[in-house]
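Use the sequences and the hints to build the structure in full.
Each protein sequence line maps, in turn, to chains A and B.
Residue numbering for the first sequence follows our numbering, starting at 12 and increasing by one per position.
Residue numbering for the second sequence follows our numbering, starting at 20 and increasing by one per position.
Just so you know, the hints here were simulated from the structure itself, not pulled from any lab data.
All values derive from a computational prediction rather than experimental measurement.
Errors might be hidden in some of the hints.
Unchecked claim - Quick list of in silico lysine-lysine cross-link-like pairs, DSS-like style, CA-CA up to 25 Å:
#  : chain 1 : residue 1 : chain 2 : residue 2
1  : A       : 21        : B       : 178
2  : B       : 217       : B       : 375
3  : B       : 174       : B       : 375
4  : A       : 100       : B       : 153
5  : A       : 92        : B       : 375
6  : A       : 83        : B       : 126
7  : B       : 217       : A       : 100
8  : A       : 91        : B       : 149
9  : B       : 174       : A       : 176
10 : B       : 126       : B       : 140
Okay, here's what each chain looks like letter by letter:
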Amino acid sequence: STQSTWGIIKMLSNSIKKDLYKVVQRSFSSFWANVQQGPPDPIFGITDAFRKDSSSQKVNLGAGTYRDDNGKPFVLECVKKGQALSQQKYHDYEYLPVPGLAPFTDVSIRLAYGADSQAIKEKRVAALQALSGTGSLRLGAEFIRKFMPAGTPIYMPDQTWANHKNIFTSAGLQIKEYRYYQPKTRLLNLEGLLEDLNNLPERSVVLLHACAHNPTGVDPSQAEWRQIRDIIQKRNALVFFDMAYQGFTSGDTELDAYAVRLFADANIPILLAQSYAKNFGLYGMRVGCFSVVCQSEEEARRVQSQATIIARGIWSNPPVEGARIVESVLNDKELSQLWHKEVKIMADRVKTMRDQLVVNLRKSGSPHDWSHITKQIGMFAFTGLQPPQVETLARDHHIYFTKDGSCLLYTSDAADDLLCVDLCGRRIIYK
Amino acid sequence: VLIFFFFKQKTAYEISACTYFFFFQAEDGIRDAQESRGLGDVYKRQYQRRVHGELSKFLMQRLNTLTQQLVAAQRQQDDVFADVQLAPPDVILGLTLAFKADQDPNKVSLGVGAYRDDDGKPYVFQSVRKAEQKIVSANLDKEYAPIDGTPEFIKAAQKLLFAGEDILAKYGRHVVTSQCVGGTGSLRLAFEFLNRFKPGTIYVSNPTWANHNQIVEYMGLRLVQYPYWCPKTKGLNFSGMIECLSQAAPGSIILLHACAHNPTGVDPTAEQWREIAKVCREKRLFPYFDNAYQGFASGDLEKDSLSLRIFLEEGLQFLVTQSFAKNFGLYGERVGAIHVVCNSKEIAERVSSQMKIVVRVTYSNPPIHGARLVQTIIGDSQLFDEWRQELKQVAGRIIQMRAMLRQELESQGAPGKWDHITSQIGMFSYTGLTPKQCDLLTQKYHIYLVKNGRISICGLTTKNVSYVARAIKDVVENA
Numbered sequence: 012s013t014q015s016t017w018g019i020i021k022m023l024s025n026s027i028k029k030d031l032y033k034v035v036q037r038s039f040s041s042f043w044a045n046v047q048q049g050p051p052d053p054i055f056g057i058t059d060a061f062r063k064d065s066s067s068q069k070v071n072l073g074a075g076t077y078r079d080d081n082g083k084p085f086v087l088e089c090v091k092k093g094q095a096l097s098q099q100k101y102h103d104y105e106y107l108p109v110p111g112l113a114p115f116t117d118v119s120i121r122l123a124y125g126a127d128s129q130a131i132k133e134k135r136v137a138a139l140q141a142l143s144g145t146g147s148l149r150l151g152a153e154f155i156r157k158f159m160p161a162g163t164p165i166y167m168p169d170q171t172w173a174n175h176k177n178i179f180t181s182a183g184l185q186i187k188e189y190r191y192y193q194p195k196t197r198l199l200n201l202e203g204l205l206e207d208l209n210n211l212p213e214r215s216v217v218l219l220h221a222c223a224h225n226p227t228g229v230d231p232s233q234a235e236w237r238q239i240r241d242i243i244q245k246r247n248a249l250v251f252f253d254m255a256y257q258g259f260t261s262g263d264t265e266l267d268a269y270a271v272r273l274f275a276d277a278n279i280p281i282l283l284a285q286s287y288a289k290n291f292g293l294y295g296m297r298v299g300c301f302s303v304v305c306q307s308e309e310e311a312r313r314v315q316s317q318a319t320i321i322a323r324g325i326w327s328n329p330p331v332e333g334a335r336i337v338e339s340v341l342n343d344k345e346l347s348q349l350w351h352k353e354v355k356i357m358a359d360r361v362k363t364m365r366d367q368l369v370v371n372l373r374k375s376g377s378p379h380d381w382s383h384i385t386k387q388i389g390m391f392a393f394t395g396l397q398p399p400q401v402e403t404l405a406r407d408h409h410i411y412f413t414k415d416g417s418c419l420l421y422t423s424d425a426a427d428d429l430l431c432v433d434l435c436g437r438r439i440i441y442k
Numbered sequence: 020v021l022i023f024f025f026f027k028q029k030t031a032y033e034i035s036a037c038t039y040f041f042f043f044q045a046e047d048g049i050r051d052a053q054e055s056r057g058l059g060d061v062y063k064r065q066y067q068r069r070v071h072g073e074l075s076k077f078l079m080q081r082l083n084t085l086t087q088q089l090v091a092a093q094r095q096q097d098d099v100f101a102d103v104q105l106a107p108p109d110v111i112l113g114l115t116l117a118f119k120a121d122q123d124p125n126k127v128s129l130g131v132g133a134y135r136d137d138d139g140k141p142y143v144f145q146s147v148r149k150a151e152q153k154i155v156s157a158n159l160d161k162e163y164a165p166i167d168g169t170p171e172f173i174k175a176a177q178k179l180l181f182a183g184e185d186i187l188a189k190y191g192r193h194v195v196t197s198q199c200v201g202g203t204g205s206l207r208l209a210f211e212f213l214n215r216f217k218p219g220t221i222y223v224s225n226p227t228w229a230n231h232n233q234i235v236e237y238m239g240l241r242l243v244q245y246p247y248w249c250p251k252t253k254g255l256n257f258s259g260m261i262e263c264l265s266q267a268a269p270g271s272i273i274l275l276h277a278c279a280h281n282p283t284g285v286d287p288t289a290e291q292w293r294e295i296a297k298v299c300r301e302k303r304l305f306p307y308f309d310n311a312y313q314g315f316a317s318g319d320l321e322k323d324s325l326s327l328r329i330f331l332e333e334g335l336q337f338l339v340t341q342s343f344a345k346n347f348g349l350y351g352e353r354v355g356a357i358h359v360v361c362n363s364k365e366i367a368e369r370v371s372s373q374m375k376i377v378v379r380v381t382y383s384n385p386p387i388h389g390a391r392l393v394q395t396i397i398g399d400s401q402l403f404d405e406w407r408q409e410l411k412q413v414a415g416r417i418i419q420m421r422a423m424l425r426q427e428l429e430s431q432g433a434p435g436k437w438d439h440i441t442s443q444i445g446m447f448s449y450t451g452l453t454p455k456q457c458d459l460l461t462q463k464y465h466i467y468l469v470k471n472g473r474i475s476i477c478g479l480t481t482k483n484v485s486y487v488a489r490a491i492k493d494v495v496e497n498a
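Next up, the structure:
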């Protein structure tokens, strides 16, 4: 019939066309021929591997996302209520101003620097909403490159979040290190830290983790922070604080912001990257705040205007949803109290898991001292496991750590079933 | 008398800052008649105070003030950000602010490119509201999306961009897609990626969206403008464009607007697109499409993506950045995507891996909320149909406003030809007004528009179109 003939002709012409396209393509080399395969992300790559693992026993101790005692993602009650409240308050999806939602940045810097902060009272804080911690760091890095003298390096701890180096390098900054982690004690190398800070050239930029150091979990004590502050002041350095775990660390938002407030009160120039991914559980919403504590209101205006231009070139204006939720929660008395309670619950569960892990490790007969796990703080623990051991754990026991041995501290409940490996590689199963 | 005040932090700096000298004047009485010489007189008067507590409290206050002044003076010398200049405010957003501040009842905003309904209000798509409810009731978590976005979103974005066509099946090409932070985010990612792997001169139309120039400049990339807008015909300077592109070096990146050119509203015809594609192929240029108005230009998703299909048929490799801000009304949710059309699966995988690295150091992973709305709508056939209907209406209102404006201008006898208002397409129209005329429009008539004569048709309503036409007539005649 004519229909089927027509169908055949169409089919043929389509396949001829396809072959023609292929011929045309092949005659020109690919524009992207020189693009090499890039390595998978060291942290998200683990989650990918974990997802592909079919074992029912698998445990993901890699990526930094909170899980409840059933190993499930946890949406905070205050966030659910905050989302409902924000949908009553806000009725459209219009563009935010480039610096973001003003009520959000206002409440964000109050949370970080304190409601009684002198810098806020004097309007010396330039603040922009940014895409979570990474976006805030990138914004700050670009700002440093543009406005600090050429070749200004940024100093970071010898153990730091895997993405820090990449972010600052991609902004064109030179990376230098200061000693931080003491592998022998698995705690802070205070002497080395102070010595290295003492040798900083004038006007260096120093990256500090405000609380819950990632990945070691090793934080300076308050007295140690004061010592650090004194040296920073002496060396006339700027500090870039990365605060991703305020409230999540000790359970108390004021305590966790101690270092930031201490330095702000000492009139040290501060840049701050705040993330609401963990403490509000808003990971994928990408909510964060980048702020700079300046010398005067006038300077804050100038700095804000320039940071605005940088942000305009990266993302134009930040996403509305998450900022509206955080603003709705923190500006509502009841919801804010609820949030403080919930973040304490999360922090407490982490502490409980630390204690339980150490107890179980001892019970399992491991001869080593695991007390560093309870001395460390926050979401991560530097176990001291070596890369070959980490690989064994992933391959044979379906437990996924990051290669540097840092592990996440809450996964499935039954610590009873936790497989413990001591440093000699002996396998001990605790039931 | 030398007095030291000690504080908790006993640093040498602070001690020296707190050193005080008291001067006691021997004479009495005459002092008050003369000009104060500073501290001495103040303290002499205060010396009269009888209550010791008050005196020491006052002294503490003075001490604090002096300390602060000394500290501030010290700070002033080595102020880190002393050289940071106050940046000029963004032109278009500045317009919005000025408009908001204006109290005139007849004010009209023809500045920013966001859709407004016939009452001048933002319009939230009903299909978006329904998608919102669907998401809320699904009680989803807020976990990180993969670095390049969720697979569902990627599928949805590709379905929309290529109007449902299976590119692999039809053209044998592999498309690498990554979710981005709105149109700007995709643009930035595209330039970062190109700069890393295929640096070349970037050709942009004259004129183009201001942020194109700004981002290219900020990244320090080489920029060349190709002729585009012809002031005489108020249309496309096609020959000028082709001539310029023909002289571009191989590997140059040609930034094209897929449809509804911003700011002119002038689009090439299908034949012209084909010629542009041929030039790109012959001269080995790399086309880069900025696609921010699909569906918004003609109301038809397929029609608005014709340029992409032509380039696919011509066998070209190119990339597309896509924004969902206007066609979904999701401006502030920052939903966008980048698509790279590759020749083989292997290359596509490599390109994907490298794009992820660029994303990871910029913002790690994309915002989930807007993406969920988009993938919910595109993935649900009923919602998708509903959305397409609404989009047709929205685009239809713009086409209607163009017709009305032209009619009003012609019937009111505004000098010159106004057919470009209806032959141009999309949200914007390059009216041909001079900066002086634009200024007068703002000052006299409280009509806000960009100085290059670009108007946002969305700002026109059935209620204000006649007023705007009258104003344009006046400024063209008198300025």
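Consistency of the hints with the structure:
Restraint check for residue 21 of chain A and residue 178 of chain B: satisfied, since their Cα atoms lie roughly 23 Å apart, inside the 25 Å limit. Restraint check for residue 217 of chain B and residue 375 of chain B: satisfied, since their Cα atoms lie roughly 17 Å apart, inside the 25 Å limit. For the given pair, residue 174 of chain B sits about 17 Å from residue 375 of chain B by alpha-carbon distance, which is consistent with the 25 Å threshold. In summary, the hint linking residue 100 of chain A to residue 153 of chain B is supported, as the alpha carbons are separated by about 19 Å, within the 25 Å threshold.
Between residue 92 of chain A and residue 375 of chain B, the direct Cα distance comes to roughly 34 Å. Violation of the 25 Å bound is thereby established for this hinted pair. A distance of roughly 53 Å separates the Cα atoms of residue 83 of chain A and residue 126 of chain B; the hinted pair therefore is violated under the 25 Å criterion. Simply put, residue 217 of chain B and residue 100 of chain A have alpha-carbon atoms about 46 Å apart, too far for the 25 Å limit, and the pair is violated. A hinted pair counts as satisfied when its Cα atoms are at most 25 Å apart, and residue 91 of chain A with residue 149 of chain B qualifies at roughly 18 Å.
Straight-line distance between C-alpha atoms of residue 174 of chain B and residue 176 of chain A comes to about 33 Å, which puts the hinted pair past the 25 Å bound. The straight-line distance between the Cα atoms of residue 126 of chain B and residue 140 of chain B is roughly 14 Å, inside the 25 Å bound, and the hint therefore holds.
In this structure, the hints that do not hold are numbers 5, 6, 7 and 9, in rising order.
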